[in-house]
Structure formats: C-alpha cells, structure tokens
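Given the structure of chain A, go ahead and fit chains B, C and D onto it with the hints provided.
Protein chains in written order, with UniProt numbering: chain A, 1 to 336; chain B, 1 to 336; chain C, 1 to 336; chain D, 1 to 336.
Since the hints were derived computationally from the structure, they do not count as laboratory data.
Be aware that one or more of the hints could be misleading.
When the alpha-carbon atoms are kept at most 27 Å apart in a straight line, the in silico BS3-like pairs for lysine-lysine are as follows [unchecked claim]:
no. : chain 1 : residue 1 : chain 2 : residue 2
1   : B       : K167      : A       : K229
2   : C       : K230      : D       : K10
3   : C       : K167      : D       : K167
4   : C       : K230      : C       : K245
5   : C       : K107      : B       : K94
6   : A       : K229      : A       : K245
7   : A       : K94       : B       : K151
8   : C       : K229      : D       : K167
9   : B       : K137      : A       : K167
10  : B       : K253      : B       : K10
11  : A       : K107      : D       : K237
12  : D       : K107      : A       : K94
13  : B       : K229      : A       : K137
14  : D       : K137      : C       : K230
15  : A       : K137      : B       : K230
16  : C       : K237      : D       : K167
17  : B       : K10       : B       : K230
There are 4 protein chains.
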Amino acid sequence: MNNLTFDSRKQMDFIAIGRLCIDLNANEINRPMEETVTFTKYVGGSPANITIGMSRLGMKTGFIGRVADDQMGRFIVGYLEKNQIDTTSVITDKSGSVTGLAFTEIKSPADCSILMYRDNAADLKLEPRDVSEEYIKNAKALLISGTALAKSPSREAVFLALDYARKHDVAVFFDLDYRPYTWTSPEETAVYYNLAAEKCDVIIGTREEFDRMECFEQNTDHDDYFTAKKWFGYHAKIVVIKHGKDGSIAYTKEGESFKGTTFPANVIKTFGAGDSYAAGFIYGLMQGWEISRSMEYGAAAASIVISSHSCSDAMPTVEQIDSYIQKCKNGEFVAK
Amino acid sequence: MNNLTFDSRKQMDFIAIGRLCIDLNANEINRPMEETVTFTKYVGGSPANITIGMSRLGMKTGFIGRVADDQMGRFIVGYLEKNQIDTTSVITDKSGSVTGLAFTEIKSPADCSILMYRDNAADLKLEPRDVSEEYIKNAKALLISGTALAKSPSREAVFLALDYARKHDVAVFFDLDYRPYTWTSPEETAVYYNLAAEKCDVIIGTREEFDRMECFEQNTDHDDYFTAKKWFGYHAKIVVIKHGKDGSIAYTKEGESFKGTTFPANVIKTFGAGDSYAAGFIYGLMQGWEISRSMEYGAAAASIVISSHSCSDAMPTVEQIDSYIQKCKNGEFVAK
Amino acid sequence: MNNLTFDSRKQMDFIAIGRLCIDLNANEINRPMEETVTFTKYVGGSPANITIGMSRLGMKTGFIGRVADDQMGRFIVGYLEKNQIDTTSVITDKSGSVTGLAFTEIKSPADCSILMYRDNAADLKLEPRDVSEEYIKNAKALLISGTALAKSPSREAVFLALDYARKHDVAVFFDLDYRPYTWTSPEETAVYYNLAAEKCDVIIGTREEFDRMECFEQNTDHDDYFTAKKWFGYHAKIVVIKHGKDGSIAYTKEGESFKGTTFPANVIKTFGAGDSYAAGFIYGLMQGWEISRSMEYGAAAASIVISSHSCSDAMPTVEQIDSYIQKCKNGEFVAK
Amino acid sequence: MNNLTFDSRKQMDFIAIGRLCIDLNANEINRPMEETVTFTKYVGGSPANITIGMSRLGMKTGFIGRVADDQMGRFIVGYLEKNQIDTTSVITDKSGSVTGLAFTEIKSPADCSILMYRDNAADLKLEPRDVSEEYIKNAKALLISGTALAKSPSREAVFLALDYARKHDVAVFFDLDYRPYTWTSPEETAVYYNLAAEKCDVIIGTREEFDRMECFEQNTDHDDYFTAKKWFGYHAKIVVIKHGKDGSIAYTKEGESFKGTTFPANVIKTFGAGDSYAAGFIYGLMQGWEISRSMEYGAAAASIVISSHSCSDAMPTVEQIDSYIQKCKNGEFVAK
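Just chain A, with the same shape it has in the complex (with noise of 0.2 Å):
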C-alpha cells in the first residue's frame, strides 16, 4: 500500500515523453575517450531508459517523442518495438534535425563522463500538436523528464502533456534529469523545473538538481524536507532526494519519510543507475507496494545496471531482480 492510485480501467500502464537518443559506449574502457577506438551503439536517453525498463518488468508501456528521419530514428524505433513499447506517438521529424548521441567515456567505475551531441536534436523538435489527448487519457501514469523542458517546441509540448494528465487523472512521475547542454541560464532552468513539478504526483532528482530548482529560494542548508515540502503544497504525493552512494529519502505528502537501502555491486560504470532506480521504483509503486520495498526494487535494479556495459540493453526483468535480491540478502553475491 502507498498513498497513489491508478485507474485500473486505463489500458497502458506507463506512458513517457520526451529523449529519445542514441549512446555509443567505449568499448575499450578504463581510459581516456582519446584512446577509445570502438564505440558500441544503444538505445539512450533517460525516458527511453525507463520505458524500457518498465516494459522489461512487463508492464504496458508507450512513448510520446520524436525521431530523425535517418538510420538512428529507424533504429530507435525499431528498438522500442521489439521491446514492446508502443511507438504510435513517436513522430519521425522532417526537419533535418539529427539524433542526439551521447558518446560515454569510461576512465574508471568512479570516473565516467559523457560527451553529448545535442545540437538540431530530433527529440527537442516534439511539437504540442504531437501530443494526443486520447493517449494521454488512456495511461495510468506518465512520466516526465527535465531535458524535455530545455527548448521550445518539446517545453510546451510537454505543459500540454502535463495538462492532459492533469485533466484525466493520470498520475503523473518527473524524472528531473537535469543536463546542462541546452538550457540558457540557471534562471531558465529553475522557472521551468518548477512550473512542471507543481503538476507532479511524484518527484525524483538528486540533491543537486532539487539545489538547481531552488535558485529562486532559501535553503542555504540544502535541506531535504525543507525541498520536499513545498511541492506537496501543490499536487505532489511523493519526493524522492537522492545522493549517490548514500541512498535517497523519500517524503510523502501525509508526513512520512523513508530511507532508501543500497545493494552491492560490481561497478563498471555509474551511467544508468538513475534511470534503473526509477523504472524499479514506479514499477513497485504501481503495483501497490508500500514505498520502502519500492525504493529496494529500484536500488536493485540499479546495481544490476551498473554491473553492465549498456544502460537500456541492460534493464532488468522481475526474475532477473527479484533473484539479485535473493542472492544478495542470502550473502551469494559478493561485490569484488
């Protein structure tokens, strides 16, 4: 049990909007990216990620975006089709834009970093009118993410989505997923987080996004509650803050607060730990598991990802999780 609810009548259960992109991966690892030669071509970005997660954990899942019109929107969508996700609200764009890449350099698990392309990017072209009601409508829950908010035609594109969802009761989870290509200024940054967070059931960002959103306030201590609070004045039911290694917090609207736990793991590299957690955190949500033993789902899902060299490829199943949670509570599995 959990304080959200989802309209069992609505066909798809998970519906998301916005990046969808390509990751070329260093094969070579543990060095510089000068002295990376082969790069190994995914499905990116952080809704995508999550989408695909969610349809990994066998839930009914859409994605509301835009592609190139080249070999890397056909492979996207081709992707997300043999993952079962619903791409009829995926829009090839015309304009000549191209697919955003994001080339990981892997210098050490600690030490990963990420060389983005993000200039003409196809999915920043999503236009309102892409936006179908009726889609939105008939989704349980839609998922938002920040780099969605960073240009103009994909910002409004997504007020609008966010006002369906608003409007048919459609529970809505923001990924904040902040990236600082793109945005303009910090104050920028900060309007637009906070004008869609108040239309958001659920809440998720690091502690240093939340400090991003709060460029305009006072919290000099960067204080959780002090973060999560104000959202709660609006529609928000649950804020999860996250730090890294130290595991998250997560506040809801009645007053409560729960600490996340974390699973060992052996670390090749830390991209799609975020994306991972969340896909295991909305899916246990969903199924109306009280927020602790979500919050472990996620945590779990992260260190299966991490242990992997791609971030989408690598989404869990239910076993695959379900046993790395076995194993890990039986002491089988040792991080080397």
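Below, chains B, C and D alone, put in the same frame as chain A:
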C-alpha cells in the same frame, strides 16, 4: 465592495511588468500610412499605458522592465518619471537591443492598424534576475501583460514575478494583450497564457484573446461562462471578457456576472481603449468599489482616450473621468 | 574626358543595388532626440539617395532591391516611381521583414547622429535570384553599396550582380558606405569589402572606411596613395578618398591625382553629404567630364543637400547645381 | 615537367585549411546502418585526409583549422602529430562547439552513404585571426576545401588565406569537396565557390561539383572544356574534372588535356577515393612530374584506399603506391 483584498500596509499600490515601447502616431489621419508624412512620438505598450493611467488616477505606481540604451529608452524613462512612476526596476539593456515601435495608421475611426517593430526589442530582454522579490512584495497589485510572455528571457521573468506575487499576497491582474508578433505558434501562445492565467486573480481579455487560449479545449460556442469558470478552479476571482462595442461581461468566483456599459465618444481611433479601460476598472476595484461601478469607470476612461490622438498621454485623471460620466449622465455630452 | 567608358548603346544609364529604407528626420532640431516630438518620413539609404540624385540630374535610372510588404515598403516604391526610377527589379519581400529605419538626431549642424533599426530589414533579404542578368546587362553603370554586403543573402546577390556587370562591360561604382550595424566582426567586413572592391571600376569612400578595409595590411600612416594603388592591380580606374571638410582626393590608374574643392553651405546637418557628392561626381563622369570638374559638381551637390532638412528629397537638379556653383563663384552666396 | 612552379626556398611543402572531423565507420558492413552495432573511430574530413596522405608520401605538411575542446578534438590533434603534421595552426575552439562526425554506412561496395553531424561544428568556427600570414608565406602549396566555405567565419578565414597565398606566391589547390550540409541555397554555394576558384592555381572536382558552380551559366551540355576554360581567365593553370569510374580529365591553361587511367581494386567502399587521388596527384605535381604521371599516381592511391576500411588511416606511402602500380602493370594484381 468586491471580492478582492489588497494589503493596505504595502507601500506601493500598483506595479506592472513588461512592455515599454514607443508609439509613432500619424499626424495626418484618415488616410493610409503611405500618405502620412509626419509622426508624433509617445510612450506606449499596454502595461506602460495602464501604469500611466493608474498614476494619473493618483495611485502610487512602479514598473519592472527593460529599455534600450538609446535616445528612445531614455525618453521612456524620463516620461515615466515625469508621471510619478517609480523606475528603480526599469533596467537599461546593454545587449544592443532597440526600443519596440508601433506606427499607427488611422484610415478612419473604425479602420485603424498598427505597424510593429518588435525584432530585438529591449522589453523582451527582461531577465529573471531583473525581478526583485522585495519590489513585488511591497506592492498591493501586480499587472502582467501577455506580450511579455512572447519570448525568453522576458517570459521567465514574468513567471518569476508571478511566483513572488503569489508568495507575498500581491493581487495579480492579467491583461491578455495578445499581439501576433514574436510568437512562434498558436500552441506556444496557448500553453504560456494558460500557465500564467492559473496564477492570476483577475483576468481581462477580449473574446478573441480567450479563444486563442482555448486552442486545446472544446468551447466551440465561444461561451463566456465556460471560459471564466475554468480559471475559478485556479486562483481567479474575477474574469472579464470584452466584446468591443458590445460591452464587456465580468464573472466572479462567487457566481455573479456583470454586464458593462459603454459611453458615447467622438472617436478618433480605437487604440488605447483597452488600456484605459483596464486602468479605470482596476482603479475602481482597488478603491473597493462594486464591480459594476468599476466597469463603468473603465468604460468612461476608454471613451476619453479614444477621443484623443494618443494613448498614454491622454490617460485621464479622476476629475476628468468623474466630469465625463457626469456630463454623459446629464445628457450634456453628445457624440458627433 | 576621363578614363572611364560607358556603352552608349545601353538603354539604362545607371542602376543601383542594395539598401532602400526610411529616414525619420527630427522636426525639432538642435536638441537631443529625447526632446524631439515629431519626425518627418523620407526615403533613405545611400544607394537609394544616389539613384534619386541621378534621376533628378536627368539620368535614366533603376534599382535592384527588396522592400517590406507593408506601408513603408509601398511608400518607398511609390516615391521611386514618382522620381522616374524604374522599379521592375524592386521585389516585395514576403518573409515578414520590416523596412530599415534611420531616426536622425541633429543636436547641432556639427553634432548629428543616427539611431538605426536594421534587425530583420527587408533590404538585406535580397537574393541572388532577384538579380536579373538582362537588367544589369542593359545598364551603362551599376552602383553597389557596402551595407548590402553586411549579411546573407543580400551579400551574395551583390557578388552575383558584380559578376554580371563585369561580364557585360557595365562600369561599376562602389560607394563603401560602411555602417557598423549588422556586421559580425572587423575581419568579416574587411574580407567582403576587399572581394567586392577587386571587381569595381571606381571606389569611393572616406579615409576611415578605407582604413577598415585595410585591417590585414600595413598602412600604418593611412597613406592615400598606398590605398588607391592596390586597387589599380585589379579593375579600378579611379579611387576617391574623402577627408570630410578637408575635401577629397581622387587617384587614377594612369597615375594622376586630383584634390577636390568644397563649397560654402548653411549647414543644417551633415547627413546626405556623401550621397549627394556621389550623385554629382558620377553624373559628371558619365557626361565625360574631367575628373576635377566632376568632383566640383559632387561638392556643390553636397553643399546643397546639407543645407536642407532631408537627404533624398533635397537631391538637386542640374539647374540647381549650376546656379549654386555660379552664385558661389560670383561671391553671391555667403554662408551664415 | 608540368606548368606549376613551387618555391623551393620555402620550408613547408604543403598546408591545408578547413575541416578536421571524425569518421565513425561501421564495423559490420554490407548492411544498413540500422543493423550496425559497432563503429570504429578515425580522423576524417577531406583536407585532413589529403594532408595525412601528403605526409605519408614524405612531404613536410601543416594544417590550419579549429577542433573542439573535447576528447574528439584532442584525438584529432594527437593523430595529426603522430603523422608528422605540424599543428601549430590548429586552434582549440572554446565556444562550446563539437567535432563534426561522419557515420558511414556501407550497404555494399557500390552503395555507401554518410550520416553527417555538422551542427555547431568546431571546424566552421575557424576565424580570419586564426590564419597567420607568416605560416602561409612559408609554404610551397596551400589546399582549400569547399566545405570550409559553407559558413561564417570559416568562409572568411579561407578567403583571407587565399589572399595571403596569392600575395606570397603559394600555389593554391582547390578541392571542391561539396557537401550539401550547412549551405543555405544553391546560389550561395555557387557564389562563394566561384569567388574562391578565381584565386586558385589548380581546381579539382567532380562533374557534379562543377555543375553546381555553374548555376548562373549556360553549360547545358555539361561540357568539361567550357568548365575548365573559364578559370584560365583567372589564375588557374590546371583544372581536373572527375567522372568517377569513367576516370578524370585534366586541362591546362596552355591548351593540353589529359585523360586519367584507373587501377583495379577490391573495393570495400568508395569513401576516400577523392582524397587519396588528390594526395597522389598533388604529390606528383610537386615532384615536377608530368600531369599524366601525376594522375596515374593519384589513381593508384585511390585504388589502395577504397580497398581498405578507413580513409585517413589507409593513406599509402610512396613504397605502397609504387608497388601497387608495379603489381597492376605486371598483371599480378587481379580484382576479385
């Protein structure tokens, strides 16, 4: 008595945010602009005009905006100061912007048009950091205008001002003031107008402006009550829908409605009618008058301004409006 | 006799390409623009003024350019036609551009400045496809102006016009007319001015304008002969370097040089001096006059224009210039 | 012997200006890119490839260009240096640009295409001030490439380099290298290609590229001699028009023409054929060889490169080319 409250302890009565520009009014009128030879320069821009109107009516006023770093910008600041408007929040833009211009063409009293210069306009360079929380906190009322939402960073500055106003119990008036320039698409316009309107106490616009805001809704009959009702679900207490010569209608959150009257006028041009109406109406509400009396005051102010050559410069004083109403009621005033 | 030849079989005497705009001249002069209340509207833009000047002097003229699709654009076309200038190559731009504006400020006859509106200006939307090879082929002379090189696609249109002119033995005059607006960097300016100058027969500019072109060279003494000589290695036959009140100097490919005279004037403002000078000078050259007589004619035209309120509208006829020169020589004219 | 002269006192043999980018070549070939999983990273860009080719052939080379301030940019500089190319004029761009990318798709040896990333590309940020007169003066030959003309400020940097080259007797090679990205219109392309070609000694391009340059001319038969002849009226001494598998034809100012041969190859992909041809051909000319022998050398180099996976990395040495020609002439080499 009306349903608004204003905090009498605050020092400033009324501040506006947004467009400050220059009107260049044709001196040779009743002909196409091609045949106009000379133009007279006035301060213009809907929120500027309303603020000048409020100041003429004896209110303590101020303005938040940006002007170009040139002769036109300095003329605007000088004119505001001459009209007792506080300009401490009027910033001189150093980016090389220019002052927005509006050349007016008066082919006949009923056939007026405007030739706008809005590229690289200084007023749209207003930034969130220009908006002082303290300045807004100290005002009883804030007026925002739709044109300031048309472009970043002015758009974000307005959303921040709205946030501060709600936080500090400042009554917010929204003059829709839709101008087709600068906006990218009808959907973009609707999204931001709606996001702003959610945060306002009083919303004033023409039927056509409200239609534009409803581009994602089904109000096929253009029903005024349908329009007004939506906003009472947010923060609105009064919604005024203007129907040009057919007068206006005001709805309250409490379920009342008021039909506005009009006064005779020897019309020179229709420009400035809306701004003077807003000034008179808001003045009345801030005096604590009944809504219907406030509407009458606005209508009288409008009749005075459309009988003059300018907008800003013709904004009437209390004495002028009172005397005009008196004359009309006595039958002394007969429109030619 | 001079060193230029014009093909007498061609139907059109003189065509210009480039800027067509509006001057808004302060009516209340000898004060800062902040205190100016009314403005008078004139056609402006250096190549427009020169063409009007040439037409007043009885030449068969035409223009290649773009005007905005509004009242200002229609006023410009109407004025050109009233002045017997062929407008078949004046295109109405449909992209939503505006007419460039120049507000003049006349603080004193010696202290004049201009406030320019050049954002989204129609004249800079001129495209190569607007340039008719036939139209250029049929002209004895073509004048290009530096402002038209400031931005694409107008820049490319000018280079195409130059190409057609060289191909069909049209004498090319280059009025440097440097304006700091629109250009991105000093290097950009120098590169395109030099590329254009290589293809011209007569180059006319101020010392400061030539300095700007020499940003990649070592003419530290600002030596006029150094400046002129370079262009004789390309197609130039005459180079005129203007030194304001100190008169101008003309060099020929053949090695001659001519010092220009000036005439007295009751100066109202300095605007238009260069354009009227160019008209008078080019007219003289096209009559086959000696260079020194042509320079004198230009100087007299300039004195007439700076004694008037406008630029374009004050362009003198042959009778006016002849009479002015006569009066000056007779000592009848005494500048106050 | 050929009709070019190179100043033997100059220290540097060959420098190029323009595009430095990254090729990401599909490892799994003979399929659509949608099915490609991994990519190998190489330095790319036509002038970069040619310079690498010249360096492999033993010439003293250098490069003028901009690279992004990231891992890709550093990889490029490192690779050039490893190939003995002087990088003192390779600037690291600090504007937040990215490295241009070219993903190659090899559906079959005859059906190859490229997916380009050219938005905000570092190489197009090259500025006139990056071009050192001294650096160009010290080179025997300069190569420019059409892509560097596609956008400001790189376009102006190339024109300045051309100016310095002509001033200091540096032989200029123009590899047309037309790419449809970045250019705004066919007319824009033609205007700048023509302006640049006027200043070059040797112009090398495909028939299609020359057609593009002739958009304002009447060469309806696509006649090669018509094409070449025009440039002999400027500075050109040799014009090479390439007809793909049908070989190429070279014209000289002196009226000769030479038909090029081709060599057999086990083609993997067609990319890099032009660049390796240029390197071999220019190398031959700089050795003082006959034009026909130089063309043969270029053709052999091309056959070697199209039989390999990469462009830059496969550029052959003198020994490799000599041996390849020998084998072909001996009949030892038989294309499969």
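Q. Taking 27 Å as the top limit, are the C-alpha atoms of K229/A and K245/A close enough?
A. The hint holds at about 24 Å.
Q: Below or equal to 27 Å on CA atoms is what counts here, so check K167/B against K229/A.
A: Holds. K167/B to K229/A sits at ~15 Å (cutoff 27 Å).
Q | Pair hint K107/C and K94/B, alpha-carbon separation not exceeding 27 Å | A | Holds: K107/C and K94/B sit about 23 Å apart, inside 27 Å.
Q. Are the Cα atoms of K230/C and K245/C separated by 27 Å or less?
A. 25 Å, holds
Q) Is K107/A close enough to K237/D, meaning Cα to Cα at most 27 Å? A) 52 Å, violated
Q: Would you check the hint for K253/B and K10/B, treating anything up to 27 Å between C-alpha atoms as holding?
A: 25 Å, holds
Q: Mind checking the alpha carbons of K94/A and K151/B for me, to see if they're no more than 27 Å apart?
A: Roughly 25 Å separates the two Cα atoms, so the pair holds.
Q. Does the structure keep K137/D and K230/C at a Cα separation of 27 Å or less?
A. Holds, at about 19 Å.
Q: Given the hint that K237/C pairs with K167/D, test it: the Cα-Cα distance must not exceed 27 Å.
A: Since the Cα atoms of K237/C and K167/D sit roughly 21 Å apart, the hinted pair holds (cutoff 27 Å).
Q) Holds or violated: K229/C with K167/D, Cα cutoff 27 Å? A) 15 Å, holds
Q) Does K230/B lie within 27 Å of K10/B when you go C-alpha to C-alpha? A) 30 Å, violated
**Q.** Restraint check for K167/C with K167/D, where alpha carbons must lie at most 27 Å apart
**A.** Judged against 27 Å, a Cα distance of about 25 Å means the pair holds.
Hints 9, 11, 17 from the list above are not met by this structure, while the remaining hints are.
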